Amino acid sequence: MGDVLSQKIDTYEELKYAIENYIDYYNNHRYQKRLNCMPPLEYRGYLGSVA
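Per my numbering, the sequence shown runs over residues 2 to 52.
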């Protein structure tokens with residue numbers, strides 16, 4: 002996921018798309034220390050395999 006601020010955004014729709022993509026990345030794909038340094042989607046799979 003590229004930095005939202007480094008993208009050239011000309012329209013409201015492009016801005017909305019960039020923000021939605023960043024929120025998805027932040028909530029689902031970035032590594033989080035509290036989840037054993039796994040992204041949330043990977044951690045959910047890990048929990049499913051452990052249970």
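Derived from the structure by calculation, the hints contain no laboratory data. Predicted, not measured: the structure shown is a model, and the values here were computed from it. Warning: the hint list may mix true and false statements.
Unchecked claim - Within a straight-line C-alpha distance of at most 20 angstroms, the following computed SDA-like cross-link-like pairs (lysine to any residue) qualify:
hint, residue 1, residue 2
1, Lys34, Tyr18
2, Lys9, Tyr23
3, Lys9, Asn28
Claimed, not checked - Taking CB as the label site, the calculated pair distances span:
hint, residue 1, residue 2, range
4, Tyr32, Gln8, 16 to 26 angstroms
5, Ser7, Gln33, 34 to 44 angstroms
6, Leu36, Lys9, 28 to 38 angstroms
7, Glu43, Asp11, 11 to 21 angstroms
From the three backbone atoms N, C-alpha and C, an ideal C-beta is built for every residue, glycine too.
(message) Hint check: lysine 9 vs asparagine 28, CA-CA at most 20 angstroms. Holds or violated?
(response) Roughly 23 angstroms separates the two Cα atoms, so the pair is violated.
(message) Between the beta carbons of serine 7 and glutamine 33, is the distance compatible with 34 to 44 angstroms?
(response) Since the Cβ atoms of serine 7 and glutamine 33 sit about 23 angstroms apart, the hinted range of 34 to 44 angstroms is violated.
(request) Compare the distance between the alpha carbons of lysine 9 and tyrosine 23 with 20 angstroms, and conclude whether the hinted pair is satisfied. (result) OK: lysine 9 and tyrosine 23 at ~15 angstroms, within 20 angstroms.
(message) Does the beta carbon distance between leucine 36 and lysine 9 stay inside 28 to 38 angstroms, or does it fall outside?
(response) holds (33 angstroms)
(request) Confirm or reject the claim that glutamate 43 and aspartate 11 have a C-beta distance inside 11 to 21 angstroms. (result) Violated, at about 35 angstroms.
(message) A range of 16 to 26 angstroms was offered for this pair. Does it hold for the Cβ distance of tyrosine 32 and glutamine 8?
(response) holds (22 angstroms)
(request) Measure nothing beyond the straight line between the CA atoms of lysine 34 and tyrosine 18; if it is 20 angstroms or shorter, mark the hint as holding. (result) This hinted pair is violated, its Cα atoms lying about 27 angstroms apart.
The structure fails hints 1, 3, 5, 7 (numbered hints given earlier, in ascending order).
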